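Protein sequence lines, in the order shown, are assigned to chains A and B.
Heads up: the first sequence is residues 8 to 342, going by the numbering used here.
Heads up: the second sequence is residues 8 to 342, going by the numbering used here.
Treat the hints as calculated values from the structure; they're not laboratory data.
Model, not experiment: these values are computed from the prediction.
Please note that a few of the clues may not be correct.
Note that identical chains are pooled: a pair holds if it fits in a single copy or bridges any two copies.
To be verified - No more than 25 Å apart at the CA atoms, straight line, and that leaves these computed lysine-lysine pairs for DSS-like:
1) K159 / K42
2) K159 / K169
3) K51 / K159
4) K159 / K201
5) K42 / K143
6) K143 / K12
7) K159 / K34
8) K314 / K12
9) K12 / K312
10) K169 / K315
11) K34 / K169
12) K51 / K314
13) K169 / K42
2 protein chains.
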Amino acid sequence: MALAKVVLGHGSGGRLSRDLVEQVFLKSFSNPSLKPLEDSAEVKVGGVTLAFTTDSYVVTPVEFPGADIGRVAVCGTVNDLAVKGARPAALSAGFILEEGFPGDLLLRITRSMRRAADEAGVSIVTGDTKVVERGKADGIFINTAGVGLIPKGRCLTSSAVKPGDVIIVSGNLADHGVAVMNARDRLGLQGGIKSDAAPLNGMIEGLLRAPGVRAMRDITRGGLATVLNEVSGACGLTAELEENSVPVSPASRNACALLGLDPLYVANEGKIAVFCAPSAAPRALQALRAHRYGRNAVVVGRMLKEKKPQVRLVTAIGGARVLLMLEGEQLPRIC
Amino acid sequence: MALAKVVLGHGSGGRLSRDLVEQVFLKSFSNPSLKPLEDSAEVKVGGVTLAFTTDSYVVTPVEFPGADIGRVAVCGTVNDLAVKGARPAALSAGFILEEGFPGDLLLRITRSMRRAADEAGVSIVTGDTKVVERGKADGIFINTAGVGLIPKGRCLTSSAVKPGDVIIVSGNLADHGVAVMNARDRLGLQGGIKSDAAPLNGMIEGLLRAPGVRAMRDITRGGLATVLNEVSGACGLTAELEENSVPVSPASRNACALLGLDPLYVANEGKIAVFCAPSAAPRALQALRAHRYGRNAVVVGRMLKEKKPQVRLVTAIGGARVLLMLEGEQLPRIC
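With the hints as constraints, model all of the structure from the sequences given.
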């Protein structure tokens, strides 16, 4: 069916986003680099293999506990490069500002971008600013794009995931989404919930020193459930998730229960899913846990060959439930 | 002085844009690749030299005679790569959509992007879409970033321009700005004025087969006068422009006169300024004129060593007038 009008859910990262990509972007832009729809595209240039990625950020409010739109804009793009095994080489930054945006806030946001970029060991080398009239944007929107080098011999892709592979997540889920929602709606939830926004390229370099990692995904919009659906679709395997193993902090778990959110669908900005051979799992866990951003890394499930691949949650009481991609929009403007 | 609030002029591409870059972006992001502030940054990755650039597009209306926001978004980024001597390798596209944006218009815009990309011989390999609530954006904003390969031995930079170098423009100025303004304000100006938006990498490859080209600039926001001020600042030379030589079509000249616009400050999306040794000028002109987008290429002035470098217009009646950078905002949201 043709797309009539854009709705908020088209920006969710879930099924409606996928529909929009298939009905509009893949149709118009079709090419082999775009087709895998992973976190970054692979491009060969002058004999080297690059990862190339972009994201726009429209999160509101622009500052919230643990991060701000600038930090998220840098970390999101660094992580999209890193999960393809690329070493981030350079970032761009495009700003769309609403007339009247405060100068001191802009300076605070750009300084936060610089700190995140420094932590990732990458520079913001090119940029652009447009200004629109009052009422034609919402304060500030930031786009970042990133280029990274994929070292020779590295090939991380969801289609390489094999039956029996284990699924690891690098830490507690849902903190970013809960922190933004708490700040946006002044919910006053206690427990010091902070966004997890962090550049993960350092942790990932450590992880990749061990063999056996087949693919990684950045667990952002749509949450772990959506990422697993994408990987399941790409490799044709079932992803079986053990509910008891999924790491969520007590504070975020309580907040999600209160707000009617499922942590498996809430966005993160500093967590990855790793797919690796079972024999490689102990070393992978060790490498992740050795890094400050991976201390709570844990095995959450496995990939299985089944006639009808699906994403399945084995619940705490031994039941099973199918996890679809995020439908519609759970939390708009979370990144 | 610290920046209090963002005003429309900060997006003009002129002096206020430069102030914003110096007060905020250079201060926060400072690094050697960013510092030259040219149309793209040079980045060395894995032994190759890349050009990397980004631009966001907020032009209104989104469709106008000769082009649309999608075509401009592709051509602008292709041209920013090409004027650094780079061969475009891949583009990204980030969309910010307002809830309710029509699906058929989005498809038309993305197809137009594809046609422009095909003409440039480049693919859109990665993308992103965010959707914001009704009233929080203005229909559609597009960011494109681009990566290109700079062949070994090529080094085009404004600081390489030398005394005596001639200034060539590749064709008629001001058509893009006039076409957008005519469509936006339904002015009903006659003469079939169309945006000149075009990918210039093919024309530029032809031009660079001849030696002696020292630098090129994409003449977009702020117009030729602003570009010459930037180049004059980078190489420390005076740019002397002959008013009689500046090519403007009669229709656009009349429209500018009527609207109180100076064509030297109006944006183009398919014109470049070329700086080359005087001995190289005949071959450069020949190469440009051999291409459909360079048929009206002409020498418009020269670079001179003077105690106090400036941009000077020698008028039709033999007088002289200093051209400053664009002050404030002549035509907001032109790209």
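To see whether the hints hold, each was checked on the structure:
With identical chains, the CA atoms of K159 and K42 are at most 25 Å apart within one copy only, with a shortest distance of 22 Å there and 31 Å across copies. Taking the shortest Cα distances, K159 and K169 sit within 25 Å of each other inside one copy (22 Å), while across copies they are farther apart (42 Å). In this assembly of identical chains, K51 and K159 lie within 25 Å of each other by CA distance both inside one copy and across copies; the values are 11 Å within and 17 Å between. For the identical chains of this complex, K159 and K201 are neighbours neither inside a copy (37 Å) nor across copies (47 Å), given an alpha-carbon limit of 25 Å.
With identical chains, the CA atoms of K42 and K143 are never at most 25 Å apart, being 33 Å at best within one copy and 31 Å at best between copies. Proximity of K143 to K12 under the C-alpha cut-off of 25 Å is found in both arrangements, the shortest distances being 19 Å within a copy and 16 Å between copies. Within a single copy, K159 and K34 get their C-alpha atoms no closer than 31 Å, and across copies no closer than 36 Å, so neither meets the 25 Å cut-off. Neither within a single protomer nor between protomers do K314 and K12 lie at most 25 Å apart by alpha-carbon distance, with minima of 36 Å and 60 Å respectively.
Taking identical chains as interchangeable, the C-alpha atoms of K12 and K312 are never at most 25 Å apart, the minima being 38 Å within one chain and 58 Å between chains. In the homo-oligomer, the alpha carbons of K169 and K315 lie at most 25 Å apart inside one protomer (15 Å), although the nearest pairing across protomers, at 69 Å, exceeds that limit. For the homomeric pair K34 and K169, neither the shortest alpha-carbon distance inside one copy (29 Å) nor that between copies (48 Å) is at most 25 Å. In this assembly of identical chains, the alpha carbons of K51 and K314 never lie at most 25 Å apart, being 36 Å within a copy and 47 Å across copies at closest.
Taking the shortest alpha-carbon separations for K169 and K42, only the intra-copy value of 20 Å comes in at or below 25 Å, while the best inter-copy value is 47 Å.
This entry does not satisfy hints 4, 5, 7, 8, 9, 11 and 12, going by the numbered hints stated previously.
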